[in-house]
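From just these sequences and the hints, can you work out the full model?
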Amino acid sequence: MSASRRLAIVAEDEPVIRMEAVAILDSLGFEVLEADCAHIALGHLNCGKKIHLLYTDIRMPGGMSGVDLAHAVASRWPETAIIVCSGCMPEAAEDLPEDAHFISKPCAEKLVRKALTALQLH
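In this note's numbering, the protein residues as written are -15 to 106.
Incorrect hints may appear among the rest.
[Said to hold, decoys possible] List of simulated lysine-lysine pairs, DSS-like, C-alpha gap at most 27 Å: (1) LYS34 x LYS94; (2) LYS98 x LYS34; (3) LYS98 x LYS33.
[Unchecked claim] Each pair of labels, with its calculated beta carbon distance range: (4) SER11 x ASP79: 16 to 24 Å; (5) LEU103 x ALA7: 18 to 26 Å; (6) GLY47 x PRO81: 15 to 23 Å; (7) ASP79 x ALA102: 32 to 40 Å; (8) HIS55 x GLY32: 18 to 26 Å; (9) GLY27 x PRO62: 15 to 23 Å; (10) LYS33 x SER59: 13 to 21 Å; (11) VAL0 x PRO62: 28 to 36 Å; (12) GLU78 x ARG(-11): 20 to 28 Å; (13) THR101 x PRO81: 17 to 25 Å.
It should be emphasised that the hints constitute simulated quantities derived from the structure, not laboratory data. All C-beta atoms, glycine included, are put in the ideal place defined by N, C-alpha and C.
Next up, the structure:
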C-alpha cells in the first residue's frame, strides 16, 4: 500500500455495485479492500492494518447486516469512518451509529466526496 493512499473496505454483495464503489473510492485516493459480506469485511478489519473507511450496504448476506457491521466497527475501531450506501429507505439510517454517514442509492462520486468531507476524510 502506498503511504499516501488511505485504506478503505467496500462491503457490498452486488458485484457491479461493489466495482462502482471501488472505482469511486480509488479515484478519490483510497486503496480498497473488497468484501461481499460483513464477515469478510470484519476479517479485513482484524488484519491489523489501519482502515480509514468502511463503505457498506445495509442488506448483506450471511446473517450480519451492514447496520450490524457499522455498529461493530464503531465499537471496535472508532477511528474508522463509516459510509452506508443503500437503496433502503432513509429511515433505515436511524439505526446506524451516530457518526455513520448515510447515502441513498444510486450513489455518485459527488455524494461520496460530500460524505468524505463531512467525515473529515477529504
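Right, here's what the structure says about each hint:
no.	hint	result
1	LYS34 x LYS94	25 Å, holds
2	LYS98 x LYS34	22 Å, holds
3	LYS98 x LYS33	25 Å, holds
4	SER11 x ASP79: 16 to 24 Å	30 Å, violated
5	LEU103 x ALA7: 18 to 26 Å	19 Å, holds
6	GLY47 x PRO81: 15 to 23 Å	19 Å, holds
7	ASP79 x ALA102: 32 to 40 Å	19 Å, violated
8	HIS55 x GLY32: 18 to 26 Å	21 Å, holds
9	GLY27 x PRO62: 15 to 23 Å	19 Å, holds
10	LYS33 x SER59: 13 to 21 Å	19 Å, holds
11	VAL0 x PRO62: 28 to 36 Å	32 Å, holds
12	GLU78 x ARG(-11): 20 to 28 Å	33 Å, violated
13	THR101 x PRO81: 17 to 25 Å	19 Å, holds
Going down the numbered hints, you'll see the structure goes against 4, 7, 12, while the others check out.
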